[in-house]
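Using UniProt numbering, read the sequence shown as starting at 1 and increasing by one per residue.
Hints may contain errors.
Only pairs whose alpha carbons sit at most 30 Å apart, straight line, appear in this in silico DSSO-like list of lysine-lysine [stated by the list, open to error]: (1) 99 <-> 48; (2) 94 <-> 63; (3) 20 <-> 48; (4) 68 <-> 20; (5) 48 <-> 63.
It should be emphasised that the hints constitute simulated quantities derived from the structure, not laboratory data.
A quick note: this is a predicted structure, and the numbers were derived from the prediction, not measured.
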Amino acid sequence: MSTVRKHDVYQAIADPTRRKVLRLLAERELPVTEISSHFPMSRTAISKHLRILSEAELVRGRKQGREKLYRLHPEPLRELHQWLAFFDQFWDNKLSMLKHVVEGEERDLNPGETSMKKSDGKNDEHPREDDHAVQWPKSSSPKNVDG
Numbered sequence: 001m002s003t004v005r006k007h008d009v010y011q012a013i014a015d016p017t018r019r020k021v022l023r024l025l026a027e028r029e030l031p032v033t034e035i036s037s038h039f040p041m042s043r044t045a046i047s048k049h050l051r052i053l054s055e056a057e058l059v060r061g062r063k064q065g066r067e068k069l070y071r072l073h074p075e076p077l078r079e080l081h082q083w084l085a086f087f088d089q090f091w092d093n094k095l096s097m098l099k100h101v102v103e104g105e106e107r108d109l110n111p112g113e114t115s116m117k118k119s120d121g122k123n124d125e126h127p128r129e130d131d132h133a134v135q136w137p138k139s140s141s142p143k144n145v146d147g
C-alpha cells in the first residue's frame, strides 16, 4: 500500500457500520446528514466512522457550501482485493491437490471399478434401510389395519 495511513484498512472495514457506509458511497457522493439517515445512530457517530474511513483513505470528502460531501476512494480496496486474490489462488491450488489425492486413493481402494452404484442409483454393497420398506400405491394408503 503506497502511503502510510493513520488507520489500517483492515480495521476500518472490520466494522459493519463502516462497510455499510462504503456500500452507500459506492452508489454516489453523499453528505453526512444523508448517510446518517440510514443508521440508528447520531450524525456525530457517523462522522466518527467517516473520519476513520477517511484516515484509512477509503473515503474522501470535499466541501460544497456548508456541507461536506463524501465519496468512495476505492484504491485501498483494490489493493486489498489483490492481496486476497493471492490467497484465493493458494486455496484453489491446495483444494485441487487434495482432490487429486482423494481421487487417487479411491482408485487404489477400488481398482477396476468405475462406480459402486446400480443404474437405479442404489448402492450394491450397502443396501439402505428404506430399500426394503413397503411402498404403498399413491392411489391408496393403509387404512385402519385392525379391521
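Hint-by-hint comparison with the structure:
no.	hint	verdict
1	99 <-> 48	violated, 47 Å
2	94 <-> 63	violated, 49 Å
3	20 <-> 48	holds, 14 Å
4	68 <-> 20	holds, 19 Å
5	48 <-> 63	holds, 17 Å
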